[in-house]
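Number of protein chains: 2
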Amino acid sequence: MPDQADPRPWEHLEHFAQSGDASGLQRYLSSLSSGEAARAVSRLDAQQQSRILTLLDPEQAAALIEECPQAEARELIEQLPPQEAAAILAEMPSDEQADLITALDPQDAEAILQEMGVDDAADARKLASYQSDEAGGLMVTEYLAFPETLPAGEVFEELRRNAEKYADYDVQYVYCTSPFGDLVGVLRLRDLLLTPQHKPICDLMIRKPVAASAHATIDELAELFERSGFFGVPVVDNGGKLVGVVKRRDVEAARAERAESDFLKSQGIVGGDELRTMPLRSRIRRRLTWLSGNIVLNMLAAAVIAIYQDTLAQVIALAVFLPIISDMSGNAGIQAIAVSLREMTLGLLKPTEFAWVFVKEVSLGAVNGIVLGVLVAIVAVIWQGNPYLGLVVGVALALNTVLAAIIGGTLPLLLTRMKMDPALASGPILTTITDMCGFFFVLSFATAVLPMLK
Amino acid sequence: MPDQADPRPWEHLEHFAQSGDASGLQRYLSSLSSGEAARAVSRLDAQQQSRILTLLDPEQAAALIEECPQAEARELIEQLPPQEAAAILAEMPSDEQADLITALDPQDAEAILQEMGVDDAADARKLASYQSDEAGGLMVTEYLAFPETLPAGEVFEELRRNAEKYADYDVQYVYCTSPFGDLVGVLRLRDLLLTPQHKPICDLMIRKPVAASAHATIDELAELFERSGFFGVPVVDNGGKLVGVVKRRDVEAARAERAESDFLKSQGIVGGDELRTMPLRSRIRRRLTWLSGNIVLNMLAAAVIAIYQDTLAQVIALAVFLPIISDMSGNAGIQAIAVSLREMTLGLLKPTEFAWVFVKEVSLGAVNGIVLGVLVAIVAVIWQGNPYLGLVVGVALALNTVLAAIIGGTLPLLLTRMKMDPALASGPILTTITDMCGFFFVLSFATAVLPMLK
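Which chain is which? The protein sequence lines are A and B, in order.
In terms of our numbering, the first sequence has 80 at position 80, counting the first letter as 1, and numbering is strictly consecutive.
In terms of our numbering, the second sequence has 159 at position 159, counting the first letter as 1, and numbering is strictly consecutive.
Just chain A, same shape as in the assembly:
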């Protein structure tokens, strides 16, 4: 087997899937980086994928699946027999387990839950009942909690005795609970390290610790971590009972995922992440949904041109400028959308601040509009030798650029307030409006000065 980077590592996997050489497969996979392994698996067909996962022991299979993007992880699990799938899920951290169960087809999820132990299944159902973008859906249930009355020495002993088990827990803090399971304090490992052994942990713990509600949103959690600097924060239910721990890095990963999903939506991919390894049918659905909606909006806008057909027929040169004006003001508006989305993500802009955005966009839109308008006017005059044509297309583009900047800047705020998804809807709505207005400006101005244009 060649040791250097292999451009087609999936061919080796195909070979192992066929030969059933489990130990060879394990050795080969461990020679790949985790990203490479995920990529190689993604290129196999469904049957080969299932064989590879079945050849591995559940822990290795879980590690491999965790490296895959969720959309793919879900397909890998769905292809497996429920019993195998349950064994693999059991090896995952509770949050990833819950994410996957939520993402699965409900029937498949039920079949897998049936195969899990009663307690594990109940835990998994509990976690899967939270939204994936709230603390309950991001938390893990692998954490250390001890009654607050326990002496530090016993906590020590317990940690030492179960060092191996806890090694998987990424432990930074120990949580202290009341007899009713309520969270009452947090103990840092470093404090435990520097302390007399006989003291009960309630004497060492930080009381009234920072905790998140199970329904806290990603942004609330991010704010909490930012303010506190902690690596993990306990999660409590409505009654104050400790139910899990949410880690900083899981919150950061969830934010990054949301940003990626917003990016894809803004570029017209809807219904979740598209990967080219997915079946053609679901890839088509992800793109065509948006395109077919958009073509209707496009035709609506183009109807404005149809209304002014007579003018156009008399000054055919205008037809050259219509796509330019449509494109350019669309672009100017999309820039403003991007800045608003970005500022809202950073928390620098509230969805109520229309007036402020309006003022900021009017001035910028005016300058950019004038520059672009003059540019297009010069080209029109040079090309057709008619200053009126230059005036018509120049003024139309300038006006439409200002309009696009204003709409692009404020539309994401408006959509957010209307509880619509600004990443998805802003672009199509903007370009429909700017197309209609742009065509209207050019063609109505041209109609007004028609004798000068002929």
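I should point out that these hints are in silico values taken from the structure, not numbers from a laboratory.
Treat the hints with caution; some may be incorrect.
It does not matter which identical chain is meant; a pair holds if it fits inside one copy or across any two.
As the list claims (entries may be wrong) - DSS-like cross-link-like pairs, simulated, lysine-lysine; straight-line CA separation at most 30 Å: (1) K419 / K350; (2) K199 / K165; (3) K350 / K165.
Start from chain A and add chain B according to the hints.
Just chain B now, kept in the frame of chain A:
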């Protein structure tokens, strides 16, 4: 002062800037969340911002500036007298200090470095000499390193003695060095916790620890953290000397920042993050650079229409469909760009895999092209009652959609291989090509069947 969320917190800051009430200001700022505080400061003018920062003590000012997006943090620092700025920078973690110094105007940076202590300035210069997207630029120099021969008990003692100082260090690991400063091992705090005090740490440490080169890229670091599960990794120079520690969360933050910057570039914002609180001039530059380049490309594409003016003059209905075809195939191509960028980020797609992307996009493009082509053809036939017009625009859109999917899918790979920025350049290049081809298809087909269209 009202306790509930204040829609205009900067008005309070203006008041404090005027009155000079430092303790009132501190109290008010601590009542705001960090995001709110950053937002409030961003809305002040330069003079007020400087006064607020001067009223705070350097540690508080540093904390406030760290909450701001980098583009803003940079302006805040530049507005201050160098001595004040140096005092504030001294309170920041070494990586953020270095990032800011790199981002500053070189003259301002020099003036500030002159005001820092000789050693601090030398450290800062050293860090600032690394690229901000390599390990050297992301690492901090606040870490714990001890000679490998030291007994565990003494390391303990040292930790206890300087507990306060190290509290800021986010310590999870202790690094063990040879007499020459070379990294030889890593000691986990939890292992130190469970160990006899007299043993030298070289008996407890993990030998040949995972370490990153100072020139490791963000992706290499991310891969390292993914594989290892560590919170921090030591950074060594070319000679193996320990020079810093790069933390998982700083790498994650850097990745998120890069994704945001790619998003902005793909939407036509160039030259760095735009915030509406920036001066108008720099906001205009960020948007106009891209727009003015794009309008030239647009005109190039529209020139195809000009060539076919005679056809257009005879079948004016075609003018209605030109912007639709331009928009729709542009959109179809942008979807494919988004998927390629996403797959490359995830490591699921290599820049060499043209053929694979080509195959995947041809099939999808064909289906979407046929659906959209049929849709537009039906509209054309109903509206004009001419099946040939439907055929011309339908076939043109279908063909152009396939073309757009192929170009959109492969262009980011090609640009990456040519060391160009795919997030920035893919969109404009794609739409120019799809516009030209789209106009050409419609108008040349129409010319071919001109007698049927009249």
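Right, here's what the structure says about each hint:
Proximity of K419 to K350 under the C-alpha cut-off of 30 Å is restricted to the intra-copy arrangement: shortest distance 14 Å within a copy versus 38 Å between copies. In this assembly of identical chains, the alpha carbons of K199 and K165 lie at most 30 Å apart whether taken from the same copy (25 Å) or from different copies (25 Å). For the homomeric pair K350 and K165, neither the shortest alpha-carbon distance inside one copy (45 Å) nor that between copies (38 Å) is at most 30 Å.
In the structure shown, a violation is registered for the earlier hint numbered 3 alone.
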